[in-house]
Amino acid sequence: MSSTVKNELSEFHQFLSRKLNNSETDVSPEEVLAEWRERQATLESVQRGLADAEAGRVRPAEEVLAELRAKSLAG
1 MSSTVKNELS EFHQFLSRKL NNSETDVSPE EVLAEWRERQ ATLESVQRGL ADAEAGRVRP
61 AEEVLAELRA KSLAG
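Residue numbers (full-length UniProt numbering): 1 to 75.
Hints should not be assumed to be uniformly reliable.
What the hints assert, rightly or not - Now the in silico label distances, taken between C-beta atoms and shown as ranges:
no.: 1; residue 1: 5; residue 2: 60; range: 37 to 45 Å
no.: 2; residue 1: 74; residue 2: 22; range: 21 to 29 Å
no.: 3; residue 1: 40; residue 2: 20; range: 40 to 48 Å
no.: 4; residue 1: 8; residue 2: 28; range: 18 to 26 Å
no.: 5; residue 1: 45; residue 2: 12; range: 39 to 47 Å
no.: 6; residue 1: 55; residue 2: 31; range: 31 to 39 Å
Don't read these hints as lab results, they were simulated from the structure.
The C-beta atom is built at its ideal place from N, Cα and C for all residues, glycine as well.
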């Protein structure tokens, strides 16, 4: 088993343990797995965004907002 898989398994185990121990209501492992997957997808999106920013693939907020305003007025 690769170290990445081991790390991910360890992280999930810790996440599962925290969720099961800290939950005020009963949660199933399946519910925790769904939350973990959603969390992982969010983290991956954030990492892609940070990589885009570091690579200069961003636009100033003012430019984007002006474009959105123009589209909403034209629509």
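Against the structure, the hints:
1. With their beta carbons about 40 Å apart, residue 5 and residue 60 fall inside the hinted range of 37 to 45 Å.
2. A C-beta distance of roughly 49 Å is found between residue 74 and residue 22, which places it outside the suggested range of 21 to 29 Å.
3. In this structure the hint that residue 40 and residue 20 lie 40 to 48 Å apart at CB is violated, the actual value being about 18 Å.
4. Roughly 21 Å separates the CB atoms of residue 8 and residue 28, a value that falls within the hinted 18 to 26 Å.
5. The hinted window of 39 to 47 Å between residue 45 and residue 12 is violated, with their beta carbons roughly 19 Å apart.
6. Between residue 55 and residue 31 the beta carbons are some 37 Å apart, a value that agrees with the proposed interval 31 to 39 Å.
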